[in-house]
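*Asks:* Below, each chain spelled out in residue letters.
Protein chains: 2
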Amino acid sequence: MYLTQGLKRAAQIKPNVLATSDGARTRTWSDLIERVAKLGGALRELGVADGERAGILALNSDRYMEAMYATAWAGGVFVPINTRLAPPEIAFWINDSETRLLFINDTFAPIVADLKAADKIPSVEQVVLMSDNAPSNGELAYETVLDEAAAVSDAERGYEDLAGLFYTGGTTGRSKGVMLSHRNLVFNTFNSIASIPFSEDAKWLHAAPMFHIADCLAIFTITQVAGQHFFIPGFTPEGVLENVQQHRITDTLLVPTMCNMVVNHPTVGDYDLSSLRHVAYGASPMPEAVILKALEVIPECKFTHAYGQTECAPLSTANGPEAHVVEGPMAFMFRSAGRAVPGVEIKIVDDDDKEVPRGEVGQIIVRGPNVMQGYWRQPALTEKALRGGWMHSGDGGYMDENGYVFVVDRVKDMIISGGENVYSAEVEDAVYQHDAVAECAVIGVPDDKWGERVHAIVRLKDGETADEEAIKAHCHELIAGFKCPRSVSFRDEPMPLSGAGKILKTELRKPFWEGREKQVS
Amino acid sequence: MYLTQGLKRAAQIKPNVLATSDGARTRTWSDLIERVAKLGGALRELGVADGERAGILALNSDRYMEAMYATAWAGGVFVPINTRLAPPEIAFWINDSETRLLFINDTFAPIVADLKAADKIPSVEQVVLMSDNAPSNGELAYETVLDEAAAVSDAERGYEDLAGLFYTGGTTGRSKGVMLSHRNLVFNTFNSIASIPFSEDAKWLHAAPMFHIADCLAIFTITQVAGQHFFIPGFTPEGVLENVQQHRITDTLLVPTMCNMVVNHPTVGDYDLSSLRHVAYGASPMPEAVILKALEVIPECKFTHAYGQTECAPLSTANGPEAHVVEGPMAFMFRSAGRAVPGVEIKIVDDDDKEVPRGEVGQIIVRGPNVMQGYWRQPALTEKALRGGWMHSGDGGYMDENGYVFVVDRVKDMIISGGENVYSAEVEDAVYQHDAVAECAVIGVPDDKWGERVHAIVRLKDGETADEEAIKAHCHELIAGFKCPRSVSFRDEPMPLSGAGKILKTELRKPFWEGREKQVS
Numbered sequence: 001m002y003l004t005q006g007l008k009r010a011a012q013i014k015p016n017v018l019a020t021s022d023g024a025r026t027r028t029w030s031d032l033i034e035r036v037a038k039l040g041g042a043l044r045e046l047g048v049a050d051g052e053r054a055g056i057l058a059l060n061s062d063r064y065m066e067a068m069y070a071t072a073w074a075g076g077v078f079v080p081i082n083t084r085l086a087p088p089e090i091a092f093w094i095n096d097s098e099t100r101l102l103f104i105n106d107t108f109a110p111i112v113a114d115l116k117a118a119d120k121i122p123s124v125e126q127v128v129l130m131s132d133n134a135p136s137n138g139e140l141a142y143e144t145v146l147d148e149a150a151a152v153s154d155a156e157r158g159y160e161d162l163a164g165l166f167y168t169g170g171t172t173g174r175s176k177g178v179m180l181s182h183r184n185l186v187f188n189t190f191n192s193i194a195s196i197p198f199s200e201d202a203k204w205l206h207a208a209p210m211f212h213i214a215d216c217l218a219i220f221t222i223t224q225v226a227g228q229h230f231f232i233p234g235f236t237p238e239g240v241l242e243n244v245q246q247h248r249i250t251d252t253l254l255v256p257t258m259c260n261m262v263v264n265h266p267t268v269g270d271y272d273l274s275s276l277r278h279v280a281y282g283a284s285p286m287p288e289a290v291i292l293k294a295l296e297v298i299p300e301c302k303f304t305h306a307y308g309q310t311e312c313a314p315l316s317t318a319n320g321p322e323a324h325v326v327e328g329p330m331a332f333m334f335r336s337a338g339r340a341v342p343g344v345e346i347k348i349v350d351d352d353d354k355e356v357p358r359g360e361v362g363q364i365i366v367r368g369p370n371v372m373q374g375y376w377r378q379p380a381l382t383e384k385a386l387r388g389g390w391m392h393s394g395d396g397g398y399m400d401e402n403g404y405v406f407v408v409d410r411v412k413d414m415i416i417s418g419g420e421n422v423y424s425a426e427v428e429d430a431v432y433q434h435d436a437v438a439e440c441a442v443i444g445v446p447d448d449k450w451g452e453r454v455h456a457i458v459r460l461k462d463g464e465t466a467d468e469e470a471i472k473a474h475c476h477e478l479i480a481g482f483k484c485p486r487s488v489s490f491r492d493e494p495m496p497l498s499g500a501g502k503i504l505k506t507e508l509r510k511p512f513w514e515g516r517e518k519q520v521s
Numbered sequence: 001m002y003l004t005q006g007l008k009r010a011a012q013i014k015p016n017v018l019a020t021s022d023g024a025r026t027r028t029w030s031d032l033i034e035r036v037a038k039l040g041g042a043l044r045e046l047g048v049a050d051g052e053r054a055g056i057l058a059l060n061s062d063r064y065m066e067a068m069y070a071t072a073w074a075g076g077v078f079v080p081i082n083t084r085l086a087p088p089e090i091a092f093w094i095n096d097s098e099t100r101l102l103f104i105n106d107t108f109a110p111i112v113a114d115l116k117a118a119d120k121i122p123s124v125e126q127v128v129l130m131s132d133n134a135p136s137n138g139e140l141a142y143e144t145v146l147d148e149a150a151a152v153s154d155a156e157r158g159y160e161d162l163a164g165l166f167y168t169g170g171t172t173g174r175s176k177g178v179m180l181s182h183r184n185l186v187f188n189t190f191n192s193i194a195s196i197p198f199s200e201d202a203k204w205l206h207a208a209p210m211f212h213i214a215d216c217l218a219i220f221t222i223t224q225v226a227g228q229h230f231f232i233p234g235f236t237p238e239g240v241l242e243n244v245q246q247h248r249i250t251d252t253l254l255v256p257t258m259c260n261m262v263v264n265h266p267t268v269g270d271y272d273l274s275s276l277r278h279v280a281y282g283a284s285p286m287p288e289a290v291i292l293k294a295l296e297v298i299p300e301c302k303f304t305h306a307y308g309q310t311e312c313a314p315l316s317t318a319n320g321p322e323a324h325v326v327e328g329p330m331a332f333m334f335r336s337a338g339r340a341v342p343g344v345e346i347k348i349v350d351d352d353d354k355e356v357p358r359g360e361v362g363q364i365i366v367r368g369p370n371v372m373q374g375y376w377r378q379p380a381l382t383e384k385a386l387r388g389g390w391m392h393s394g395d396g397g398y399m400d401e402n403g404y405v406f407v408v409d410r411v412k413d414m415i416i417s418g419g420e421n422v423y424s425a426e427v428e429d430a431v432y433q434h435d436a437v438a439e440c441a442v443i444g445v446p447d448d449k450w451g452e453r454v455h456a457i458v459r460l461k462d463g464e465t466a467d468e469e470a471i472k473a474h475c476h477e478l479i480a481g482f483k484c485p486r487s488v489s490f491r492d493e494p495m496p497l498s499g500a501g502k503i504l505k506t507e508l509r510k511p512f513w514e515g516r517e518k519q520v521s
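Top line first, the protein sequences correspond to chains U and X.
In case it helps, the numbering used here puts the first sequence at residues 1 to 521.
In case it helps, the numbering used here puts the second sequence at residues 1 to 521.
Everything hinted at is true.
No copy labels: a pair is met if it fits in one copy or bridges any two.
Taking lysine-lysine and the DSSO-like style, the derived pairs with C-alpha atoms no more than 27 Å apart in a straight line are:
| hint | residue 1 | residue 2 |
| --- | --- | --- |
| 1 | 354 | 14 |
| 2 | 302 | 449 |
| 3 | 14 | 347 |
| 4 | 505 | 461 |
| 5 | 384 | 8 |
| 6 | 8 | 354 |
| 7 | 347 | 8 |
| 8 | 472 | 449 |
Think of the hints as simulated: they come from the structure by calculation, not from any bench.
Chain U on its own, in the form it takes in the complex (with noise of 0.2 Å):
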């Protein structure tokens, strides 16, 4: 069991099939396995073996998806890096995981070549330009790494062997590294054969970032089915029209916000977009008007809501067609995550871990083959979090008599912002940092675009000054753009607080919510 067996047997009953296109180039399975097998021997000389960790921060490509195979090949862990942070958190990620090479493309070398030059990623090597563009930083070309190296058999890795370091963000305001093994991975991938239409005619489109597990779980699982991989570099709703008409695609994942953007494109209805049969969604909730606009726009395409988290490798719950649906009795069924998928158990319990009753609202727990191995280096925090065997996933919600989740509230603090999960404590912990602040929580407010809007709350210390447009230019000097607050505002009066001292944000929530259905995802 283990990662690279899915790519063996694709080129072993699809050797001349296409197997990736992006852009001009196109690999069939036999090319690509080649190419893998080289690169696996490539890293293998640059150290990255026996679970050393390879970095990929690029935008998506067929070389994304290479470079991860290899690294698995060559026996070491792959560390995807979200596109969207701020150095100082990538170089965070770099160094907690300690990877020793790392995979770039045209986008990141200035960043990264900076990064180097402050000395602040020491523990990498060696950097490969995913380009065909000339190195300028010093970075190894990816072509001539592969080209010059000589192909080596797969390390074989498997089982309980880690295989990636997924880095989430955490209550603490640090990002903690999940811990994936090779089983994880793998069995999730059979997870999603069993609850998400995937076949092996399947022409899917990485439209979502590949440094997602939400896309990820496509291609390890297209792979798996021998389907074909269709990449572009990053989500614009053009880019998805456009590739959906000219490649037949037949099978993608989109967040809602991705979702809403595309279905609502002023010009979709210039599009054909015959061939797309079913599309997945996940990483928060999705709007209804949205649902509603998609089964009117692409109506012979089918739909499954893919609940889970990142822990969970991810999957945990899907609901597929027959809940998206408007008559009937499974009318706007589409409202729950759906029930557990094969092989992955889903409880609802309280706070002492007792299962609640139908209907009652508690605390989802995960358990199966999927659920990670824990938090890299945080044995504390992998205790807790899989406290009794099983994951805690910090979501509320409640099951009804037929097994059905519906999400009802993050117990973790966490806001869903088009599809991205921002933390709380993470955002507050920089506003905090800003000289004028007293006091601050930040909460989602709900959002026509976002679904969610980072929304950050704020009491000045007596005697200073500050505006929202401070406080938003300093978090941008700290975190993520997708982190900070899109709107700030400002109070006298101290947090209203828990008898534990903890400020009360259902309380600050209210105001925001009322009158709007808080979304169920």
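Please arrange chain X on chain U, whose structure you already have, making use of the hints.
*Replies:* Coordinates of chain X only, in the frame set by chain U:
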């Protein structure tokens, strides 16, 4: 990752939906899990826990399935026993596995009572009669045991813990217990979902014997997807036809001999078979004439050829509906056993375990999370079968350029007659016990009804006499009827021998197979 997890999920998402239907008796998933939890409690009281073995010697029924799940729930290991064995063989399986508790149905009550009375199965402490009739030989009554038991929580043995012992014939003439772990059996359900249609709206007819790993595949996989189980005690073509019509059966698994009897049944046209959408078949080669007839009689029904063996839990390759056509580029590709299923590796190797080029015949070897732990208490045989980490199937075959495997011969000396594996050595062992026999070779010869039939070639000792009927009758005293020679021929010259002194069966087979193409599986 444990077998009863699928049952728990089905009970979570479909508590009030039909799970099993057997004659007049139906159970919902919540009925079923309650019964399993109680029977599991009873089993634990009776000593079936912590890996202790419970045998099952019975015709198909819902209770057979309950007994399997309850054994796993209790923490025990189930041992499904071939219903066609002769009493000494039954005793051998029970004794070899040290079965403590034996589930039987009425059919086997007299045989088991005799075995107990003769002290031939000393390890068996309790016999449980799965029947509505009162026990008459001191057995425990199944429903009474269940009624009086207190439900216990699942032992949750899983992953590498042993789940089942499945006995299979051996070239050494003795059955050996194939050790299948929870991981093996659970992973096989996912291999199956990924390559055979298994959907939650399936109504599956268990027509093939449940002691066989092929039907166990369906037991565990239909539960995994929360489909519905229907049972008939044993295969008859009328039973299949009537049940398909009555229950609107959608899916089933048949061996080719059964398929033949169904599609060529004189009254097949009188039944409404329109609900039948998919038939999986395996365990032996399917004659072309049967496939063609099936495509004619039930044109809406799709076929998948599943190839595997008990040691692979069992699925290794599959060949889907796209290959069951007689026109176009895939015409007659149903002659192939198909391609490696997702998650499973297949190679064709020479005697040194080196992969041979495509198109060349070698031994089919298999690797994956489905491959058995080994043979029960047979470390030498285990090491040989699993050398290099691959299961050596004993089947000869080749692979085409697109990964399609064609099985061309049995490297192991095995005859497949009516879907049952018959090991020549075991039959020869019986024939040789006849006092008049000097030399004997048992081979498979073509048979229109059974695919292959067991044929014995015998050279008698000088001055001794024995006719065909005497040889057959002699065998019937020693081994199961299906293993006994259906025909016997006599020769005066010694058998042709290889350089290594082995009987050259290829020479002996020739006159029977001349002018006929040996079927591929």
